[in-house]
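*Asks:* Here's the letter readout for the chains.
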Amino acid sequence: MSTGASIATPGGTGWQPRVAAMGPVLLVIGWELAARLLTDAHVLAAPSAILLYLYENAGLMSRALGVTLTNAAVGFVLGNTAAIALAALVAIWPASERTVRGFALLIFCLPLVATGPILRVIFGPGPWPQIVLAALAVYYTTFVPLLVGLRALPSNWLDLVSSYGRGRLAALVHVRARAAIPYLVAGLQISAPAAFLGAMVGEFTGAERGMGVLTIRAMRGMNVEMTWALALVATAVSVGWYVAIGAVAKRFLEDEPPVILAAPNSETSGGGWRRTVVQLVFVSLMVLIAWWGFLKVLGLNPFFAKGPLDVIQAVTTASDAATNRDTLLTALAETSVYLVPGYIAGLTVGAMLAMLVVMVPMIAGTALPVAIALRSVPIITTAPLIVLLLGRGAAGTIVLVAVMVFFPTFVACLHGLKQAPGRITDVFDVFAAGPLQKLVRIRIPAMLPALFAAAKINVPASVLAVTVVEWLATGNGLGSVMALSASLSDYDMLWSAVALVAILSVLGYGAVGLLERRVLGIYAPEQLK
Amino acid sequence: MNKLQGISRRHLLSVGATTMLAGSAGLLSPRRAFAQSQVSLQLSWLHSTQFAGSYIALKNGWWQENGLEVSLLQGGPNAPVEPPVISGTALVGISAADYTAAAVEEGAPFKILGVAMQKNPFAIASLAENPVNEPSDLDGKRIGMALANMPVLEALCQLNGVDISAIEVIPTQYSPQPLVAGEVDCLLCWETDLPVAMTIQGVDNVTMLMADHGYSVHSQTYIATEDSLANRREEIVALMSGEVRGWEKYREDTDAATDLTLEMFPDAGLDAETQRLQAERQVPLMFSDLTDENGFGWWTDETVAANIETLGLLGRTVTPDLWDRSILEEVHGA
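Quick note, the sequences are listed as chains W and S, same order. Take 31 as the starting number for the first sequence in the numbering used here and just add one per residue. Take 267 as the starting number for the second sequence in the numbering used here and just add one per residue.
So that you can see chain S by itself, here it is in the shape it has in the complex (with noise of 0.2 Å):
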């Protein structure tokens, strides 16, 4: 990769004046150690409690105190997280193990640094009262998913001995509407999203969770550029940091946790109960024994041997070493 190219003229007019101010800052208080510099986070959402220990982190300065301003660039539907981290627009961004595989086999160098979500929340939603609790229930089932998605159900056949053919696809997009309406009979979506919606809607659901049935794909993983690995190293190790102690007290007190993403964004049409049932949700998807013994982020030989199976299932070849763990030891001082 050509060096140059990832360094935008704003990027070079802002580290420019950062410089500057840090330098007069420098002056009137010596005691700070470094400049602040100004890095982003490219998130691979619309804000919401869905990245809510970064805002714990940001709210409570965690990144300044290590020198480091930090933006956080909100996702969206027509917002794919890689163009921003591989043209250095964001430092790091919130990627999933598939669409990091993908990019890589299209010539992206990137690593995956740490690991939000260890349980994929891909999950099938049902109503109650015709609900898939297992794979096997699917059989002669209407599901309801995007059609882009079609390798994941594929990925799930396999592993749980489904027949595919048994099962009628109907590509929806972005609602549970038609799950409601009776149009299907089960969607493929976010355990953390649409299900919760339903709940919140008075829409009675069940919900079963791939990851519970051998689909396993590391899900919001922070990926860098290798270029950045060598050399921002400080800033990406300064900016992890900030992730895990946001997190890990995101996990004490999710309610909090909700209400400071509701301050942070009051212009994002939030429903408070939404977001914060969502936020207890994804707490069993994020902490794990694995975690609670080793630290927020991290994983095993195993658990990416594991994603190695489920990801050639779904046609992409990686090796190990897409991970590096290498960030993570040193924020955990392992």
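Excised from the complex, chain W in its bound form (with noise of 0.2 Å):
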């Protein structure tokens, strides 16, 4: 594992890496001891029988795999291309930040459940539902850690750009861009796994063949051998196609990383609350129009695309909208119950098992192998066996958001902790600090900003998963009644149950946002400029 190599200390030769290669090895032989006591469950498939399905059906498998693969890589281009885009954007025009943020993060938020049909109807038959929507899964999360890496730079860097008398777009080309290159790949590693489900959900609105196509069958024909390959599969492709960017940003990212070293700035931007509220308004208004007008452009049929005028006269006036009130906040109780443990959860553990790693670099040959194949699975194959096996209260949907949240709070971390600048470790070498001293005084306080981004981009990302998981396995919450909504064609409810995810994603997004403010003001005054 290249990310595990490179964080393990250089001395470590000899036994440590074939004591770390056991614990895979262990994890296979305990998994097939497992599998084989609990045949008669029909949850669990040992290794050996996925093999052999596999050899079997190799031909089905890898038409099908070719065929998502193309669809989320289109999709992995498309929308890391347009996060660039966008990151670009704000960096040369400051102004647009918020506006462009807003966008970016509420078309985010769109719950696949619901933008899923609309993009068939929109596209008709053909691979684009599905490209597109791995596109939307993958956009922000790498938009997200590439404007903290925008701004991961020395501030004298950028006051030597400008003592040239050069722009902000120099300073884009000449210094932002290379200091944003790390956190770059950190966005494309997290987007893989990403895209790949977002192909993978896609499949779901009618398309004629892929992996998720198959999904769907294995669960339904109760094929155990058929959907834990289709999860291997999908696992080994994602975690294939993680490590390879890692390996391809080794290459090229030879440099240590700058000593950040920015003057703490009393002045935070912001200018304080009033100014805050007119830019939500501002927001919050062109969000409405483009809504409205996105519908109007399309020309499609007010049947089932409902404007934000439908949404509200749903809520406040028609005659059933005390009932569409209830049946609303009712879900979203249920959602919540599942949704802020997982989340929290997915938070500290990610987080601290970054620390572990760079603390104890032996466990990362198991850790991380672990942690991106879990994260990897897709949560459509496994949300009904995770359930299955947890129980369908709420440990099993809590763990699974947590499954979701973690990973992406890992790999971020991990960024994060290798960014203490190395000079600065060195002074603590030469008074023989403890690796405990350095990860609280130097490793934590460099985390700090990529533990906030990923804090951020997981407030949706977590949205998805509980969503997706209510719609599949549990069916109760939120992403039931939006499944129920569009069978029973009550599209009010559900562009109303779309309008409130989103609104409270944004809100939930505000609210870590307005904790990062605070905690970065004090620990990495450079992200708040």
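Treat each hint with caution, since some may be false.
[What the hints assert, rightly or not] Some residues of chain S that are not near chain W, with every Cβ distance over 10 Å (derived): (1) E335; (2) C423; (3) V503; (4) L579.
[Stated by the list, open to error] A few chain S residues that face chain W, going by a derived Cβ cut-off under 7 Å, partial list only: (5) P343; (6) P346; (7) A412; (8) A463.
In short, the hints are calculated from the structure, not lab data. Here a beta-carbon is modelled for each residue, glycine too, at the ideal position from N, C-alpha and C.
The task is to assemble the complex, starting from two chains supplied on their own in separate frames and drawing on the hints.
*Replies:* In structure tokens, the structure reads:
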């Protein structure tokens, strides 16, 4: 594992790697034994049975993989290109930041359950709904780390650029772009499994072939080997993709992270709450106009394409408004019970594990592949299985949300911890400071911007996870309300639920942002410029 | 409805291209009576023997004979049928009376043109050692089902005088696994879906068809908009006559229909045994004395009245004019 190797101390050769490699081997042996003991439960397939299935159905699986991988790859390129373009726009024209961020966030918060069928109607038969869903699943997780990366540089570099009389474009090209590359890599790595998941969910909207289509078939047919074979292939591809990006990045990122020694800036920008409110109102208005315009431009039929006014009516003046509000609030309560603990657990475990890997590099050999694999297993294949193993109560859903949140946090924190400036570490070494001292005093402060970036990204990601689980496995909460209202043609309710999910995600994001400003104001003021 | 909204740019382009092609073909083969027009049929689920009658019609060129180039659009768990039909992407869609009634309540101008499944496929599946053979057996059982189907269970209980509060509902989705694992005692599912999967996996199970206990909701119904019925009547008649021929052929030999399905969709991950059993099991749902007498897809005032009653229990108010038999009458020459 390239990322793992880069963390390991250079001196750790000999028996250490062999011990580290034992972890996954033991895991596979345990899995095989457990599966053989539980054959009657129809939950777990043994690795040997999965391999046999793959061997016997190699043609079917490779054709399906080809289709899904192509769509995921096109979506990956489109989504990440959009992310880079948006981040560049913000860097060149900082005044646009709030609007761009607001729109980007809002579109990312639109739940797949609702966007899928709309995309199908817009694009008709073919691969485009899958590609667009893959792109939508990745662009935001690249955009946010990029925003951080474009600022992760000593402020005197920017001063230097301006002292030569050059503007923001030059600063972007010569200084910010280079500083942002490690963050871009983190974003691209997180994108790999997300793109694959997006393409698979896209196939639920009526695609002819692909891994998502086979997943539905396997679940319905109670074909345990097929379900696990699909999960295994999807995981292997996502892990391979992730590792490949890491390897490519490692070839080109030889430099030590730059020293960030910015003078604390007491005048943190923002300009008070009054300006914030004005900007918020402005962005909200823009969003409503864009929503309305989108429906008009595409000429979508008002039977299923509901505008802002329809939604406002549905929850205020319509004859069934009280029932609608009640349905939404009940569903919201059900969803929050899973969402909030899962989110917090995922963040905590992700950050802790990243610190543990830095402190005890030996465990990277086991922790990294397991972490990547856990996150790469497409949630649509695991949701029913995890819920079955952990019960239909809160535990199963909370774990799934935590798994979705955990991985981006882990990757981001790992990158953040590595940003600890080498020269400062040297100073600590000179004073013979222990690893714990260095962790607390250098690495954790260096990690905070990345942790907050991950915490923000994870607000919509965890909402996505919880609604998908509710839709496919538990059948309650907002995810189920959306699926149900689509099948009953209650599109007023569907769009109301979408609006509610989007608004709450944005608010959650904003709350994390407020916390971030307070904390980073102390530890990483260069981020607030 | 604004007519223009129903016509997409793609549609205009394809119509233009077809007209041009047909024009040049006409020069070469003057026998061809009219141009091939392209239409789509929106299926309600993934490709499988559930739609084998349509595949037979396609494969044998029975639509082409009547000047139709038909694309079969696959459905899926996140692919509602109504939006493509109302927006004109599909000329006809395969829905069910309860979904169509819900859409009509929301203002969609749909009509039911034909009924493929005379008997609703909803069933209660249970394990042979702890069977549910009668609605009264549900008393004290844990039932696994999508919460979305709660009104269905309520209707069944009401029709058969069963106390619903004595049944524990556990939400499950898309899998027979909770029943096999003993997490629930029975499942609310389709007769032709999860029970078939269990039988193939060697799980001994029994089913109770809800249609045998008063639950009358036409399923796999063909729907189109009023606008299409008025303006694209010939195409709809041609489409439905191909469907009727296809399904009659299907009934003669379900194994051949299964073979054709597997041949046409090698990438769909279909299991031959499962498909064969599913194809057999749906025959008694689709064909009855009524269809023997009047032809595939038929209904009478009595079956519609029964539907209206059950739909009422599901909270849907509908009138008999949701059903429009004129297309079938033309197809069957009645």
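*Asks:* Could you check the structure against the hints above and give me the numbers of any it violates, in ascending order?
*Replies:* Going through the list in order, the structure violates no hint and respects every one.
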